[in-house]
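> From first to last, the protein sequence lines are chains A and B.
Taking numbering that gives the first Met the number 0, the leading residue of the first sequence gets 0, the next gets one more, and so forth.
Taking numbering that gives the first Met the number 0, the leading residue of the second sequence gets 0, the next gets one more, and so forth.
Some hints here could point you the wrong way.
Residues from chain B shown here face chain A by an in silico Cβ test under 7 Å; the list is partial [what the hints assert, rightly or not]:
1. Met0
2. Leu1
3. Ser2
4. Arg3
5. Ala5
6. Arg86
7. Gln87
8. Arg89
9. Glu90
10. Glu98
11. Asn101
12. Gln102
13. Phe298
Hints were generated in silico from the structure; no laboratory data involved.
No residue lacks a Cβ here, since even glycine has one placed at the ideal position from N, Cα and C.
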Amino acid sequence: MRLANYEVDSRTHDETFEPAGGVRPLYREILARLSDLSAQELEQRRKMVELLLRNQGVTFTVYSDDAGIEKVFPFDPIPRLISAEEWDHVERGLVQRVRALNLFLADVYGAQKILDDGLIPADLIYRAGSFRREMVGMTPPQGIFTHVVGTDLIRDENGVLHVLEDNVRSPSGVSYVLECREVMKRVFSVLFEPHGVRPIDDYTDWLRDMLMHVTPRAVGEPTVVLLSPGMYNSAYFEHSFLARCMGISLVEGSDLVVRDGAVCMRTTQGLRRVDVIYRRIDDDFLDPVAFRPDSVLGCPGLFAAYRSGAVALANAPGTGVADDKAIYPFVPDMIRYYLSEEPILPNVPTYIASRPDDRKYILEHLSELVVKQTDASGGYGMLIGPQATAEQREDFKRRIEQNPRSYIAQRTIQLGKHATLIDGSLEGRCVDLRPYVLYGEQIRVIPGGLTRVALRRGSLVVNSSQGGGYKDTWVLNSTEPGTKEERREPSTVS
Amino acid sequence: MLSRVADALYWMGRYIERAEHTARVLEAMRDLRLDLREVNREVADEQWRGALKALSLPELSLSRLVLDPAEPTSLLCSMSRARENARQVREVISPEMWEKLNQSYWSLRDSVAAGQNESTLSQALTGIVSSSFLWDGVTDASMIRGEGWLFLKLGKFVERTDGVARMVGARLAPSGVSSGTSGENVTWPTLLKSLDAVDAYRTAHPKRVERRAVIDFLLFEADFPRSVRYSTATAADLSRRLRRFHPELGQRVERCFGRIAARVEYADLDTLDAATVTPFLLELGGSLSEASSLLQKTFFLC
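One chain only, chain A, in its complex shape (with noise of 0.2 Å):
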């Protein structure tokens, strides 16, 4: 594989490659073996990789392509490397600020102290879609609500992580990054070999720790379920996974029957009482008693069950207000106000549209930001301004001016790039990450998490359902390749 016409793209941080064209000392000594294999050969492997992980069934669902429905998430061998000192950066980071919008939900169902103190105005919190009356007043076991957080951070023009969004409802991808880490090291374990790669493996287990930490029972065993909508879902093959990986059952909304308030599955004994629920459907389809009455996918008397503490739920219905596009312009002023603590990692510059203010300035500068509609995910209801046409511009003016409390706009960030393998060369595409927080008995972060990686040539949008790839991050122990240290704990935060 060559090297050489590598365009490092001057208006970007490239994560590989210096400005001037030079390899990254980060990254020296992993090009240097992958350019010890011949174009012929990487992608020989490449294909192994993308065949194992079809046979294992790590596949999507996509709803508007009738070709194939189902497809192999594109996977990109070059490993991403984050070094030590930044990982600690990171880390600490998204430990401080999952603290704090589990204190944020806490509060917003509680005493509503930051309403009350100004911070954030009311009738944003109650007119977010995502606000559960249901829940106020509620504690959930232990005080838990955000028990796995998935956060997006992106690099800007200067190599700064910022944080973009964050996942605190039920974020999905954790399969890819352990799959995919097992593939690597059966296809490319001459790569890892002048590493010391943080292992990731432990996840499933630190999962499942957590899960039977918020056990509403005192028993020995606590029967554990993950909740899934079952196998037309997108994610089906990610829950499948991490039933499998945690030993526990995979049960749809119609194994579960509420009986004298408890929960319980249906099984070939008879019915079970089921302690904790990992649930992997929306709060809408948790119970067509409390929430959505056509619900199919969830259980009858689910959530009476859950508010009296029969049972508990991760994560807690209602957490979606933590992580609405509205209330995420608010969450450096959340650190400060609950943890006396400046924010570790910043927000991207954001313009709330219901402020008259920033009104005015988003409507003027339309073609520089990205105006993002706050109840819409998945990349879509969103205008990128230096791309979209006259048009496109038009109809998002007047679908702000409409309805202000819908959008919010942010200054387009080049997003940073990572050398991935493009036609057996290399050519620099758009990443970001989304590492995984779980909260139980402590705070943990799984060392790397999923990058994925825009495909195509210019292209901002990393979804999987509009072209994104994926590759494997490597968090390393030390700086310095080939300087081992011992295996280190996974770090705990409590």
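Put chain B on the given structure of chain A with help from the hints.
Chain B only, in chain A's frame:
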């Protein structure tokens, strides 16, 4: 174990066994038609139709029956249903089992994509049979012997009993093939071939393929793994082992399968022709479907 999961395992066992059986029968019938093309076309066509009826398949071309993704009875669709079932129970089957089944599915898909001709069809048919063998091997080598394994195997042997009984029944159905004709000489070996019993039969009966001996072998041979007797005895044994997990609930199911096995083991048919065997097989089919629904009612509909 979740009732839904037990149900999915039972049907996965049935689907895979059915796909294997169907593939083998179709392959044998294809050969028969080639052999009889010049000599006795009518017999060949009649055997073909009889086999399709016994397999509950519509009268379509071989290629549609094997690889048509739009034909719900095609083998491709059966394998895809087995895979969908496996996907629903991935957390209770071993990762190797899933990987094997998934691989088989994709290689069938690949042959669809490669375009259909004589050799891809034949390859697909033998591919399905060997996929099923591999699946059995992986299952036996890797799956924990819990109730899930028992449900999976019960599905397999209920389906196998049914498949073999139907094929023998179809051969005995009133037809234009009279004994002593050239058709008679080919169709009994074809029946053996369609159940992968040629070599096993020859070891037991080295002289010649003869109607009475074939029927006796396929129905009552204790040691041939695809005979009715072996399959019903295995199903009875599996249902007995279910009692370990379900001391109360399992009793009636065990008795039901045990009765069937005993009925086959101690059957006393003197002539072994259509007059005696056909009613025997009809009765067997009836009690087998009763046992299957009792099993489902007891464990899957909680």
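> Compare the structure with each hint and give your call.
Cross-check of the supplied hints:
1. A hinted interface residue such as Met0 (chain B) counts as satisfied when its beta carbon comes closer than 7 Å to some beta carbon of chain A; here the least separation is about 5 Å, so the hint holds.
2. At its closest, the beta carbon of Leu1 (chain B) sits 5 Å from a beta carbon of chain A; the interface hint therefore holds under the 7 Å criterion.
3. With 7 Å as the threshold, the beta carbon of Ser2 (chain B) comes within range of chain A, its nearest partner Cβ sitting at about 5 Å, so the hint holds.
4. Because the beta carbon of Arg3 (chain B) sits about 6 Å from the nearest beta carbon in chain A, less than 7 Å, this interface hint is met.
5. With a least beta-carbon distance of about 5 Å to chain A, the hint placing Ala5 (chain B) at the interface is held under the 7 Å criterion.
6. Of the supplied interface hints, the one on Arg86 (chain B) holds, with its beta-carbon coming within about 5 Å of a beta-carbon of chain A, less than 7 Å.
7. With a cut of 7 Å, the hint placing Gln87 (chain B) at the interface with chain A holds, because the nearest CB-to-CB distance is about 6 Å.
8. Restraint check, Arg89 (chain B) versus chain A: the minimum CB separation of about 4 Å is within 7 Å; hint holds.
9. The restraint placing Glu90 (chain B) at the interface with chain A holds, with a minimum CB-CB distance near 4 Å, inside the 7 Å limit.
10. The beta carbon of Glu98 (chain B) comes within 5 Å of a beta carbon in chain A, closer than 7 Å, and the hint placing it at the interface holds.
11. A least Cβ separation of about 5 Å between Asn101 (chain B) and chain A falls short of the 7 Å threshold, and the interface hint therefore holds.
12. Nearest Cβ of chain A to the Cβ of Gln102 (chain B): about 5 Å, under the 7 Å cut. The hint holds.
13. With its C-beta approaching chain A no nearer than about 5 Å, Phe298 (chain B) sits inside the 7 Å limit, and its interface hint holds.
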